[in-house]
Amino acid sequence: MHLAFHLLSEAATPPVQIEVDRLVIAGWTGRDAHAIEHHIGELEAIGVPRPSAVPLFYRVAANQLSQADTVQVVGEGTSGEVEPFLFFHAGEFFVSIASDHTDRALETHSVALSKQICVKPVARTAWRLAEVLDHWDTLVLRSWIEEDGESRLYQEGLLSALRPPADLLARYGAGNPPPAEGFAMTCGTVGAIGGIRPSASFRMELGDPRLGRSISHAYRCVALPVVA
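Here the sequence shown stands for residues 1 to 228, numbered as in the working numbering.
Some clues are possibly wrong.
Claimed, not checked - If you anchor each label on the Cβ, the simulated ranges turn out as follows:
(1) G175 <-> V74: 31 to 39 angstroms
(2) P225 <-> G175: 20 to 28 angstroms
(3) E42 <-> V74: 16 to 24 angstroms
(4) T108 <-> E37: 16 to 24 angstroms
(5) T108 <-> S201: 22 to 30 angstroms
No lab work stands behind these hints: they were computed from the structure. Cβ atoms here follow ideal geometry from the backbone N, Cα and C, with glycine treated the same way.
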């Protein structure tokens, strides 16, 4: 899947152009066992079975990635989750954000299929991972949904709550080919404030307080009819 990213610290350079052919979604990536259990509990509350292991790595078709402002979904029961998005290009890693948009009804039957069925929106800006690696834990994930005609904070948390990139890449690398051109991975998320619920509008952000900058992206969902 072709994606293009503007590097925020290098405004004068042309966009980074990549072709993703191996997409991995890392789930259950929390460092704190209690936080992981909380997120598992959130999902169990809506009928999702417990994971077989933590963390867990799902392969998803790379053609599900999209940088569009509008995505189509089937039915009204889908929702987004903001996650750090790592990609490998020209010998180094970059970081952006993506939404692991998921069909919550299908998730009660198969987590893997629920992740595959929905488009994964991705921001259009990125940073070199090397620029933030020394203060990775201080980066802040946030998302907002539209509810009752208002924008409401839906997720907020430091990346210190999630396993760092090197840890996830090492765990995924056990038995899998090493990252190469075309490799991308989402790195997990933080809990939903007030519980997981659908919304037709989703806005997400990765904030860097130390360097005073952020990556953001917003998209809307168009629900297609569920035809039996």
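ask   = Any of the earlier hints contradicted here, and which numbers?
value = Checked against the structure, the only hint that fails is number 2, while the rest are satisfied.
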